[in-house]
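**Q** Residue numbers (the working numbering), protein chains in the order written: chain A, 1 to 306; chain B, 307 to 556.
Treat the hints with caution; some may be incorrect.
[Said to hold, decoys possible] No more than 20 Å apart at the CA atoms, straight line, and that leaves these computed lysine to any residue pairs for SDA-like:
| id | chain 1 | residue 1 | chain 2 | residue 2 |
| --- | --- | --- | --- | --- |
| 1 | B | LYS375 | B | PHE421 |
| 2 | B | LYS375 | B | TYR394 |
| 3 | B | LYS375 | A | GLU115 |
| 4 | B | LYS375 | A | ARG210 |
| 5 | B | LYS375 | A | ALA102 |
| 6 | B | LYS375 | A | PRO255 |
| 7 | B | LYS375 | A | LEU251 |
| 8 | B | LYS375 | A | VAL211 |
| 9 | B | LYS484 | B | ARG397 |
| 10 | B | LYS484 | A | SER218 |
| 11 | B | LYS453 | B | TYR394 |
| 12 | A | LYS118 | A | VAL130 |
| 13 | B | LYS375 | A | LYS118 |
| 14 | B | LYS453 | B | GLY437 |
| 15 | B | LYS484 | B | LEU501 |
| 16 | B | LYS375 | A | GLU207 |
| 17 | B | LYS484 | A | GLU302 |
| 18 | B | LYS484 | B | GLY437 |
| 19 | B | LYS375 | A | ARG301 |
| 20 | B | LYS375 | A | GLU302 |
Derived by calculation from the structure, the hints in this document are not laboratory data.
Quick caveat, the model's predicted, so the values are computed rather than measured.
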Amino acid sequence: MTDPRAWLGGAWRDARQALLRLARAPLATLTTSAVIGITLVLPLALYLVASHLRPLAGGWDEGASLSLFLRDTVADDALPTLRQRLLRLPGVAAVRIIDRAAALAEFRRYSGFGEALKLLPDNPLPAVLVVRPARDSDAQAIERLAARLRALPQVDQVQVDHAWLERLRALQHLLSRATWVLGALLGLAVLLTIGNTVRLEIQHRAEEIRVSKLIGASDGFIRRPFLYAGVWYGLFGAVIAWWLSTISLILIAPPLRELAGLYEYQTQASALSLGEFLALLGIGAALGLLGAWLAVSRHLREIEPD
Amino acid sequence: MKSVSLAKQRLSADPARSRAKGDVIHFEQVSKRYPDSHAGLSEIDLSLRQGEMAFLTGHSGAGKSTLLKLIGLLERPSGGQLRVLGRYLNRLAPRQVAAHRREIGMIFQDNRLLFDRNVFDNVALPLVIRGMAPREIARRVRAALDKTGLLHKERALPVTLSGGEQQRVGIARAVVAKPPLILADEPTGNLDPGLSRDIMALLDEFNQVGVTVLIASHDIELISTLGKRILVLEEGRLVYDTANPEGRHD
Numbered sequence: 001m002t003d004p005r006a007w008l009g010g011a012w013r014d015a016r017q018a019l020l021r022l023a024r025a026p027l028a029t030l031t032t033s034a035v036i037g038i039t040l041v042l043p044l045a046l047y048l049v050a051s052h053l054r055p056l057a058g059g060w061d062e063g064a065s066l067s068l069f070l071r072d073t074v075a076d077d078a079l080p081t082l083r084q085r086l087l088r089l090p091g092v093a094a095v096r097i098i099d100r101a102a103a104l105a106e107f108r109r110y111s112g113f114g115e116a117l118k119l120l121p122d123n124p125l126p127a128v129l130v131v132r133p134a135r136d137s138d139a140q141a142i143e144r145l146a147a148r149l150r151a152l153p154q155v156d157q158v159q160v161d162h163a164w165l166e167r168l169r170a171l172q173h174l175l176s177r178a179t180w181v182l183g184a185l186l187g188l189a190v191l192l193t194i195g196n197t198v199r200l201e202i203q204h205r206a207e208e209i210r211v212s213k214l215i216g217a218s219d220g221f222i223r224r225p226f227l228y229a230g231v232w233y234g235l236f237g238a239v240i241a242w243w244l245s246t247i248s249l250i251l252i253a254p255p256l257r258e259l260a261g262l263y264e265y266q267t268q269a270s271a272l273s274l275g276e277f278l279a280l281l282g283i284g285a286a287l288g289l290l291g292a293w294l295a296v297s298r299h300l301r302e303i304e305p306d
Numbered sequence: 307m308k309s310v311s312l313a314k315q316r317l318s319a320d321p322a323r324s325r326a327k328g329d330v331i332h333f334e335q336v337s338k339r340y341p342d343s344h345a346g347l348s349e350i351d352l353s354l355r356q357g358e359m360a361f362l363t364g365h366s367g368a369g370k371s372t373l374l375k376l377i378g379l380l381e382r383p384s385g386g387q388l389r390v391l392g393r394y395l396n397r398l399a400p401r402q403v404a405a406h407r408r409e410i411g412m413i414f415q416d417n418r419l420l421f422d423r424n425v426f427d428n429v430a431l432p433l434v435i436r437g438m439a440p441r442e443i444a445r446r447v448r449a450a451l452d453k454t455g456l457l458h459k460e461r462a463l464p465v466t467l468s469g470g471e472q473q474r475v476g477i478a479r480a481v482v483a484k485p486p487l488i489l490a491d492e493p494t495g496n497l498d499p500g501l502s503r504d505i506m507a508l509l510d511e512f513n514q515v516g517v518t519v520l521i522a523s524h525d526i527e528l529i530s531t532l533g534k535r536i537l538v539l540e541e542g543r544l545v546y547d548t549a550n551p552e553g554r555h556d
């Protein structure tokens, strides 16, 4: 009884028997597993999208910047001095100079108005200083810094480039929160699905349970096959969810790349890592076990020998 | 000497289980009342020694099945004290019920076989629930099937067997784990006289090797020819006992 090897052997035998029993009704097993898989795939897909957006937002940590458009009166050779002054301000990590010629070159390259600009007698663009705030700056600190810079006499206009980033972060926040909420709700749905399937199985095998109790089977012995069945359902559901998510990912990969491209960010629509896959299996098995346990503890007591 | 008395103390300190008393079954003023007040049992006094074989008879509704159910803990007594195999059943915790039933081989009129499993698997069930190794299970199941004359039918499904054969499978299942006590509720109820006699003879053989056997049967004609102890129930009371013909049975 206490020999762990015998116990393991018995556990494996029970698990295999539960599996064989499920295999005897392949259509019913597949249907239940598919329902569980489809239920699991929604939070899984959300999780995947959220995890693809995470590096996108994270990659811009260094990119949150303030563009200082300088007045025309500021000469190009005054720029290095101004840069040194700005670097001494608190909350400034780096300052990059884009003088008027560089600004023009950049504009030509990206805007597509290069030919039109040639028609202008002068360079219409101002010099720009790109200020990168210190890494630990939050939105408020950046706003304070912007106000201070705006007050400088050489500065015409300050543009804070992090608003879109905040929006992206907020979106990502929403996405990961939604993943959890939806995950919890749909996890409950999986629990109920497996619970209900196991309940039907218990009713189907009521006579066997009665006879087993009559000849002195312990509650644990009677419970075990149903718990194993729940775990198998959960595992099958997780595998189906993984399979469906991989297919879905292939389908949404082009628009996802497009979205990432708009943010000048390269992404690969990669499937789950091995660790995530194992975690998915673990979640499926745990939900299956819990669902079966709930059904078993509710309904086995109702079946007593007469 | 000291250790012996210590062991005795420990035995008596465990009121739920004491093998020191010789009776396998001991009823003391045991009653069973049902909420809807249909026939139960009233103030039953009864003892069965180890190795004894007895028949319990009476009209249907006299309480035969109820009495067997109390012993197998399918029902709990409403009053009195009931001790079976050293256990005081009035106080037995629910989680000890399974262990109690494992020591009793139960045989039913409708045999209670599992019809989706073959003969071998049906007989193996009591050993499987004990977590026995498959090789040991096979050895013991074949021994029980051999004893009941069904060795050649081990792969058959119960539906393909005759009534008498099905009952033998039920008996093989009841004895395969070698319980010290066998209870049989109308084991010959559906069988013709010849088959009934065979079944009783089979149960007698188990009794010969020391198993205590209690059989409920309304077939007075058959059991009165077997020369065993007979207990008669009438409306929930024990009215006659061949082992104690002068006893107070009112």
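**Q** If a hint holds in the structure, say so; if it doesn't, say that too.
**A** Okay, the hints, checked on the actual structure:
no., hint, in the structure
1, LYS375/B with PHE421/B, "23 Å, violated"
2, LYS375/B with TYR394/B, "15 Å, holds"
3, LYS375/B with GLU115/A, "102 Å, violated"
4, LYS375/B with ARG210/A, "14 Å, holds"
5, LYS375/B with ALA102/A, "99 Å, violated"
6, LYS375/B with PRO255/A, "71 Å, violated"
7, LYS375/B with LEU251/A, "64 Å, violated"
8, LYS375/B with VAL211/A, "14 Å, holds"
9, LYS484/B with ARG397/B, "26 Å, violated"
10, LYS484/B with SER218/A, "18 Å, holds"
11, LYS453/B with TYR394/B, "33 Å, violated"
12, LYS118/A with VAL130/A, "26 Å, violated"
13, LYS375/B with LYS118/A, "106 Å, violated"
14, LYS453/B with GLY437/B, "23 Å, violated"
15, LYS484/B with LEU501/B, "24 Å, violated"
16, LYS375/B with GLU207/A, "18 Å, holds"
17, LYS484/B with GLU302/A, "30 Å, violated"
18, LYS484/B with GLY437/B, "15 Å, holds"
19, LYS375/B with ARG301/A, "18 Å, holds"
20, LYS375/B with GLU302/A, "18 Å, holds"
The structure is inconsistent with the numbered hints 1, 3, 5, 6, 7, 9, 11, 12, 13, 14, 15 and 17, although it conforms to all the rest.
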